[in-house]
Amino acid sequence: MSAETATPERLPASARVFARVLARDLRLELRGREALNAMLFYALLIIVIFSFAFEAQSELTIHAGGGLLWVAFLFAGLVALDRAFLREIPEACLTGLRLSPAARPAVLGGKMVSSFLLMTGIELLLLPLFAIFFNVPPGARWGAVIGVLLAGTWALASTGTFFSAMSVHTRYRALLLPLLLLPLAIPAVIAMVQSTQIFLNGGSGAGYWIELLLGFDVIFTCLGLLLADVVLEVG
Amino acid sequence: MEQKKTAENLSARAAKTGPGKVAWWIGAGMILMAWALAEAWLIAPTERTMGIYQRIFYVHVPGAFTGFLAFFINFIASVIYLFRRSPRADAWAVASAEVGLAFLSINLITGPIWAKPVWGIWWTWDARLTLTLVLWVMYASYLLLRHLTPAGELQPRLAAALAVFFFFDTPIDYMAIRWWRTQHPQPVILGGPNAGMAPAMWVAFWAGWAAFLVWMVVLMRLRYRQARQRQRLDELRRAAALRAS
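Going down the list, the protein sequences come from chains W and Y. Note that the working numbering numbers the first sequence so that position 60 is 309, with each residue one more than the last. Note that the working numbering numbers the second sequence so that position 216 is 218, with each residue one more than the last.
Calculated from the structure, these hints are not laboratory results. Ideal placement from N, C-alpha and C gives every residue a C-beta, glycine not left out. It is possible that part of the hints are untrue.
Computed beta-carbon distance windows for the label pairs [unchecked claim]:
(1) Y:Q231 <-> W:L277: 25 to 31 Å
(2) Y:V120 <-> W:G392: 56 to 62 Å
(3) W:C342 <-> Y:T126: 44 to 50 Å
(4) W:L378 <-> Y:L224: 54 to 60 Å
(5) W:R276 <-> Y:L224: 51 to 57 Å
(6) Y:R180 <-> W:R420: 35 to 41 Å
(7) W:A262 <-> Y:L224: 48 to 54 Å
(8) Y:V24 <-> W:A287: 49 to 55 Å
(9) Y:F85 <-> W:P261: 23 to 29 Å
(10) W:R276 <-> Y:F85: 53 to 59 Å
Per the computed footprint, the stretches of chain W lying under chain Y, defined by three or more beta-carbons under 8 Å from a beta-carbon of chain Y, are [what the hints assert, rightly or not]:
(11) 417–424
(12) 439–453
(13) 465–477
Covered stretches of chain Y (chain W as the covering partner; in silico rule of three or more C-beta atoms under 8 Å from a C-beta of chain W) [claimed, not checked]:
(14) 127–141
(15) 166–179
Please put together the full structure from these sequences, using the hints given.
Structure, rendered in structure tokens:
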């Protein structure tokens, strides 16, 4: 957590900016803990509501487990993504960030990683609860599920952080973020739901879904960093 | 003083583009539309298995093609905006997105009307239908972002970035959805040796598309002009506010 003091000075400036933004965001979240607790509770509620909305039996998990899991993660993740730039509003931090000479892709990259770590943390805590509440079949390949979870969460965190920087300037900020993110994330959502479904049932052969998901990750991480100047510019 | 100059400039530009040119385009559009409708309803032969329902094809497919073309114009205009920050490019971007969404809506509305008698269902999550719906949702989201962002320099900048994101998302969507589902009739255009239409059907199709393209030009020109006037009005307001302070 002490990246600020431990970062060697010989690292390039952008790497230092990246590390500091990441460390600062994580420290803020871990100290404040409001969002973390709220997100965890929110995702838990979604899972509980699901079990009332649909009969939570093994057959449901076999047919739609991947979908249920990702809808809960997606909505909980939106809370974290909304906060990624909302955090910068008090004390005019956002203006400070945009005026600073720091490389903007490094700032955005740091925020992408901090959102990713927060979301992943929440998801790993929820995964066992999901397994219990929805009676996931014993043959599930949890290692592979966690692999999909990492790639899928990165897809949501990278694009969502970019859109968070966008929507922070707009009216109805909290509503606009999902309205921007969900249409874009459709292919990633299809891929993560399908592959999670396959792995929860202990199957294999989800290779092409994983490839698609990784392709989405690479393309939109690059595009987001390339366009970081556009969303973080002063103006 | 400056304000007066801008106001004169505004009316001079309005006179230059005038209603004259657009009126010609509208006239051409009406004639083409009348011809296209005659071709589609009276001249083109009735399809053997689908019967009369197939005639909606002459509206359905041109609607989609015109919409896709408008979205492509939106992408080009957005990229130009990102490089040059030209207000004209932004005016083209908003005009093409709105007009594209209108034409794609024609496609999405006529599709189920055709599908109900032919397939027996209104909608199916088939690859092509889903992709079209996703595109529609994307550009609706694009227009919503424009609508909810305060006017000024920020709005075109964010909109252009979003347009680039959506453009690169489309091929990934295409692959994901194709792997996920596929019931739409195989393409009759460039669709292999057995696909194809009678020559009179082709005429009706081309006439329909030509009419739609002319309407696209008319609507985009009008919307472009309106967007430009909006930009000048915002400029005037800013200048006035600056003088007042």
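Outcome of range test on Cβ distance (Y:R180, W:R420; 35 to 41 Å): 37 Å, holds
Examine the stretch 439–453 of chain W for residues whose CB is less than 8 Å from any CB of chain Y, and state whether their number is three or more. Per the Cβ count (3), the hint holds.
Determine whether the Cβ-Cβ distance between W:L378 and Y:L224 falls within the hinted range of 54 to 60 Å. About 56 Å separates the Cβ atoms of W:L378 and Y:L224, which means 54 to 60 Å holds.
State whether the coverage of the stretch 166–179 of chain Y by chain W holds or is violated, taking the criterion as 3 or more residues with Cβ-Cβ distances under 8 Å. holds (count 10)
Kindly confirm whether 49 to 55 Å is satisfied by the beta carbon distance between Y:V24 and W:A287. 54 Å, holds
Evaluate the given range 25 to 31 Å for the C-beta pair formed by Y:Q231 and W:L277. 45 Å, violated
For the range 56 to 62 Å, tell me whether the beta carbons of Y:V120 and W:G392 fit it or not. 47 Å, violated
Proximity test - 8 Å, beta-carbon atoms, the stretch 127–141 of chain Y to chain W, at least three hits: holds (count 3)
Does the Cβ distance between W:R276 and Y:F85 fall inside 53 to 59 Å? Because 38 Å falls outside the window, the suggested range is violated.
Using the Cβ atoms, figure out if W:A262 sits within 48 to 54 Å of Y:L224. 49 Å, holds
Do Y:F85 and W:P261 keep their Cβ atoms within the hinted range of 23 to 29 Å? 27 Å, holds
Cβ contact check, 8 Å cutoff: the stretch 465–477 of chain W against chain Y, three residues minimum: holds (count 5)
Hint compliance for this structure: hints 1, 2 and 10 are broken, all remaining hints hold.
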